[in-house]
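Residue numbers (our numbering), protein chains in the order written: chain X, 1 to 155; chain W, 156 to 276; chain P, 277 to 1029.
The hints are simulated quantities; they were obtained by calculation from the structure and are not laboratory data.
Heads up, a few of these hints could be off.
[Claimed, not checked] Chain W is nowhere near these chain P residues, computed Cβ spacing over 10 Å in every case:
| id | residue |
| --- | --- |
| 1 | R319 |
| 2 | E473 |
| 3 | C535 |
| 4 | D642 |
| 5 | S720 |
| 6 | K778 |
| 7 | R797 |
| 8 | S873 |
| 9 | A943 |
| 10 | Q963 |
| 11 | Q974 |
[Stated by the list, open to error] Under the rule of at most 35 Å between Cα atoms (straight-line distance), these lysine-lysine pairs were calculated in the DSBU-like manner:
| id | chain 1 | residue 1 | chain 2 | residue 2 |
| --- | --- | --- | --- | --- |
| 12 | W | K245 | P | K395 |
| 13 | P | K303 | W | K245 |
| 14 | W | K266 | P | K462 |
| 15 | P | K363 | W | K246 |
| 16 | P | K519 | W | K159 |
| 17 | P | K354 | W | K246 |
| 18 | P | K303 | P | K767 |
| 19 | P | K767 | X | K92 |
| 20 | P | K303 | W | K246 |
| 21 | P | K395 | W | K246 |
| 22 | P | K462 | W | K157 |
| 23 | W | K246 | P | K540 |
| 24 | W | K159 | P | K516 |
| 25 | P | K519 | W | K246 |
[To be verified] Looking from chain W toward chain P, a few residues come up when the C-beta cut is under 8 Å (computed):
| id | residue |
| --- | --- |
| 26 | D165 |
| 27 | R167 |
| 28 | I169 |
| 29 | I232 |
| 30 | G256 |
| 31 | K260 |
| 32 | A276 |
Using N, Cα and C, we set each Cβ at its ideal position, and we do this for glycine too.
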Amino acid sequence: MSYVVKNLSQGSRELIAFRIGNQEFCVSIMSVREIRGWTPATKMPHSPAYMMGVLNLRGAVLPIVDLAARLGMRPAEPTPRHVIIVAQVGRKIVGLLVDAVSDILTVTDENIQPVPEVSSEIERQFARGILAIDKRMICLVELEGLFPDHESEAA
Amino acid sequence: MKKKVLTVDDSRTIRNMLLVTLNNAGFETIQAEDGVEGLEVLEECNPDVIVTDINMPRLDGFGFIEGVRRNEKYRAIPILVLTTESDAEKKNRARQAGATGWIVKPFDPTKLVDAIERVTA
Amino acid sequence: MDMNEIREIFFQECEEQLAELETGLLKLNDGDRDPETVNAVFRAVHSIKGGAGAFALDDLVAFAHVFETTLDCVRSGKLEPSQDVLKVMLKSADVLADLTNAARDGGTVDESRSRALVKELEALANGEQPAAHAAPEPVAAKPAVAAAPAPTDSSGFQPIPFSFDDFGGEEEEVLMVAPTYTVTFKPRAELFSKGNEAALLLRDLSRIGEMSIHCHTGDVPTLDRMDPEGSYLSWTISIKTEKGEEGIRSVFEFAEWDCELDIKLAEEAEADDERPMIPVPFDLSLLEDEPAIGDEPHVGMHVEPVVAAAVAAAETATGVMQAAAAASARAEKKEAPAASAAAQANAANAANAAGQTIRVDLDRVDRLINLVGELVINQAMLSQSVIENDNNGTSSINMGLEELQQLTREIQDSVMAIRAQPVKPVFQRMARTVREIADITGKSVRLITEGENTEVDKTVIDKLAEPLTHMIRNAVDHGLEMPEKRIAAGKNPEGTVRLTAKHRSGRIVIELTDDGAGINREKVRQKAIDNDLITADANLSDEEIDNLIFHAGFSTADKVSDLSGRGVGMDVVKRSIQALGGRISIQSKPGQGSTFSMSLPLTLAVLDGMVVTVAGQTLVVPLTAIVETLQPEAAAIHSFGATQRLISIRNSFCPLVDVGRILNFRAQQANPVEGVALLVESEGGGQRALMVDAIQGQRQVVIKSLEANYMHVPGIAAATILGDGRVALILDVDAVVGASRGQSLRQEMSLAS
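Throw the hints in and build the complete structure from the sequences for me.
What follows is the structure in structure tokens.
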């Protein structure tokens, strides 16, 4: 804990990086609850294409999102080698299906470059910055941007 | 030997306050929730002094005091009445029923303990 | 236990007392004149006042006091509890509740309201009749329960507290010489029969000053003439005390009426008193159970015989009295009718029948319920893996598992029962809502409640209050007519709203009926056309028109009234009821009123379900919805129109609903002959045959929320976890049936909006 606090105070943070296809993304480690393997999910009717269904996470019902499809890329064809990142988004917990987890990064704000002007609405929704690390380009994703809280509709 | 006090009151709040006050003052406290229960408990617990409320369901304080005084064993036990205000008429009725003394609610812990000390040896 | 905990207990108790109060007042309002009802009402307010006093909640005490005084007038028969009187009292009960809440949560109350009520209550206590429908008193400038104002004259002069203590404080002690009093004390027999003891009084007296004592035994008769309960002793005490005559009197406070007590300053006394007095120190230690060493520094080292005699005499008096008491009681006992013993036994039984209760933190119960839920799932998973790994069905493991299943189920039922609570508190809150709304609208309303003791899970109760409040407001605001209008229609000017609860086939049914004007279908229809909900030429049945009021954004009030909510309509009510796994329907008769009927599950934690397969997916259908299951035969299936198919069951035709198609699990309708039909009773009456591919079995399932991490899914009520550890969806039968009627399952907002 003190380690995290110290890092935060120095403006640095830890991120979890993952791969979808040939692209790399990362999210704040603070929002990640756990990482688990893929198991077939229960399909849900009338749900968007990226909604893969729900899984049992120790008694709670966990919705699984195909992050590739959500980001407008080619939908995943999940295999047991695929990985689910269980993440806290607002007050809800969501499972994100990705190809693999690639890295844990410690970065400072200076490492994060602004997102270049892009035309697509979808990138603007989630991309919060770009990181250049070892000639790789990693896109920092803000999950809240992808899944705005639906409390109001759920009432 | 700890002195044993039987308290009879239908209010959970007052019962708890009595319990805390009396336990802190070193008394053993037995509690009943109304007059009927008070009379039932009386036989088992053999108290040294009784503290009772007046307004209670099933059997009120007056009835309870009369009941105690009818009991051969407890004809002479000191009974203190809890009254909300120094209502002369109520005090009078309580005395006629056989109350030994009274304590005005909201009671002050010292006064309660004093009153009990006053009527017990 | 500390004061904070007791304070918490006090507020819990207040809630109960407020409920008692309201119940009692409503009973009185219904003409109940049982003195016990009046007593209970009085006790409730009295109790709140008593506790509030202990916590120095002055506003609460002050209001409760005024209320109590007026109630005492009712109790003593001085004030007839007429409807108008009760109106004031019910409002006072509401204010008392507000004050209690304010005292607990630190909020504020509507002071003008409480001030006005204090005036009304005081007027009632003074024998003035309440003005019927009195307009609220204009806001008085002075607070209702103001502390006595500091004496002030017109010039604004305030007396300055002045004390002689300010001068020469030290000299005072030197100058002060405690005066000596002579006290003569002669107890009467009654003193002893009330539990007072002369010896204890003398002991207490000795504590306020230095005293000497003389016991007069001259009146003691010879034994043959002695009344065992008589009082023959008296004492003369000389005491030097700073407490004054008042201090001495306060010692005898409890005994004053049962003795002859005379207190004089010693100078006067000496003049009168010719009897020789032997001054002796009074030894307290004789009266203590355990000698208090060093406690009383003034106690002499040697005890004068006279003192011993005096104390002994006092003790003898008590002893004699006790012996006599025992003797006479024995005599009485023989005569005591056996009936009294029987009566006591009855009372004891009654007490037992009332049942013993303990209070438990809700968190603890919920934790237990969650654990049991996990246990049920775990047990199911265990059973499944045993069955998969062991084909020998007679093994002892299997038998053990069956027992485990039985036990698990029993534990679950028992745990659920802990959470079951009567709907009474919610119903009582509605009484208040009715009063308030009646007041604001100027309508005269009578609320009748039935089945208040019907029990349902606490979660359901908690979530019921809001939609119910809204519906009640609607019923009074929109449903009931103004008194003049009702008279013109030949109705009682007082409208009636009836709120009932009952259990029916594993659910709780709550009905709200008003005897108002009923739904104005022409107006509703026009409104629906204006709002583009229906086309102008739509041909709707009465039932369909009535149900339009549940549509989003629908409001029949010409202007949005601030009573029935800020644009919140019946659609919100319907959705909150549905969120509880319930359904709501309306029946209305023009001119006679409307009935809203809600059916809710008894618990939100488990349900009995039929596990079925639809297009390769496992679904659970609530058993309560299923009337029967049947295997359709080709001959029984009839095509109807382009896509509809009907199944004939015992000469009646019932529409077939392909669940897989409705949920969009498959693109084409399944062949009914290859599946199973579940005959279900739907909300609006009428049956439907739900087509599924196969039935896997029946089981109790633990309900898991989909909304917790996702959102409401059309056609799905909730989720559960089956024995294989996978999530299965629980079908929302009414939504599916509704969808089959052409109301499409609305594509709700998706995660990505």
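To see whether the hints hold, each was checked on the structure:
Non-interface call for R319 (chain P) relative to chain W: violated, since the shortest CB-CB distance, roughly 5 Å, does not exceed 10 Å. With a least beta-carbon separation of about 7 Å from chain W, E473 (chain P) fails to lie farther than 10 Å from that chain, contradicting its non-interface assignment. Separation of C535 (chain P) from chain W is adequate, the least Cβ-Cβ distance of about 13 Å exceeding the 10 Å criterion. At roughly 24 Å, the least C-beta separation between D642 (chain P) and chain W is larger than 10 Å, which holds for a residue marked as non-interface.
Interface exclusion of S720 (chain P) from chain W stands, the closest Cβ pair being 33 Å apart, more than 10 Å. The non-interface label for K778 (chain P) is consistent with chain W: the shortest C-beta to C-beta separation is roughly 29 Å, beyond 10 Å. Every Cβ of chain W is farther than 10 Å from the Cβ of R797 (chain P); the closest lies at roughly 52 Å, confirming the non-interface assignment. Annotated as non-interface, S873 (chain P) keeps its C-beta farther than 10 Å from every C-beta of chain W; the closest such distance is 37 Å.
Residue-level check passed: A943 (chain P) sits 65 Å from the nearest beta carbon of chain W, beyond 10 Å. The claim that Q963 (chain P) is not at the interface with chain W holds, since no C-beta of that chain comes within 10 Å of its own (minimum 52 Å). Distance check on Q974 (chain P): its Cβ is at least 45 Å (rounded) from any Cβ of chain W, clearing the 10 Å threshold; non-interface status holds. In summary, the hint linking K245 (chain W) to K395 (chain P) is supported, as the alpha carbons are separated by about 26 Å, within the 35 Å threshold.
Of the pairs offered as hints, the one joining K303 (chain P) and K245 (chain W) holds, with about 27 Å between alpha carbons and a cut-off of 35 Å not exceeded. This hinted pair checks out: K266 (chain W) and K462 (chain P) have alpha carbons roughly 26 Å apart, not beyond 35 Å. Using a Cα cut-off of 35 Å, the hinted pair K363 (chain P) and K246 (chain W) holds, with the two alpha carbons roughly 33 Å apart. Distance check on the hinted pair: K519 (chain P) and K159 (chain W) sit about 31 Å apart at the alpha-carbon level, within 35 Å; holds.
Of the pairs offered as hints, the one joining K354 (chain P) and K246 (chain W) holds, with about 21 Å between alpha carbons and a cut-off of 35 Å not exceeded. Simply put, K303 (chain P) and K767 (chain P) have alpha-carbon atoms about 24 Å apart, close enough for the 35 Å limit, and the pair holds. At roughly 54 Å between alpha-carbon atoms, K767 (chain P) and K92 (chain X) are farther apart than 35 Å, so this suggested pair is violated. This hinted pair checks out: K303 (chain P) and K246 (chain W) have alpha carbons roughly 31 Å apart, not beyond 35 Å.
Between K395 (chain P) and K246 (chain W), the direct Cα distance comes to roughly 29 Å. Compliance with the 35 Å bound is thereby established for this hinted pair. Using a Cα cut-off of 35 Å, the hinted pair K462 (chain P) and K157 (chain W) holds, with the two alpha carbons roughly 32 Å apart. Pair hint K246 (chain W) plus K540 (chain P) holds up; C-alpha atoms about 27 Å apart against a cutoff of 35 Å. The suggested pairing of K159 (chain W) with K516 (chain P) holds, with an alpha-carbon distance near 34 Å, which does not exceed 35 Å.
Distance check on the hinted pair: K519 (chain P) and K246 (chain W) sit about 25 Å apart at the alpha-carbon level, within 35 Å; holds. Contact between D165 (chain W) and chain P, as hinted, is supported at the beta carbon level, the nearest pair being about 7 Å apart and thus within 8 Å. Against a cut-off of 8 Å between C-beta atoms, the interface hint on R167 (chain W) holds, since the closest Cβ of chain P lies about 5 Å away. The beta carbon of I169 (chain W) comes within 6 Å of a beta carbon in chain P, closer than 8 Å, and the hint placing it at the interface holds.
Below 8 Å, beta-carbon pairs count as interface contacts, and I232 (chain W) has one with chain P at about 6 Å; its hint therefore holds. Annotation: interface hint on G256 (chain W) holds; nearest CB of chain P at approximately 3 Å, less than 8 Å. This hint holds: K260 (chain W) has a C-beta 5 Å from the nearest C-beta of chain P, less than the 8 Å allowed. Given the 8 Å rule on beta carbons, the hint for A276 (chain W) holds: about 6 Å separates it from the nearest Cβ of chain P.
Hints 1, 2 and 19, counting from the list given before, are not met by this structure.
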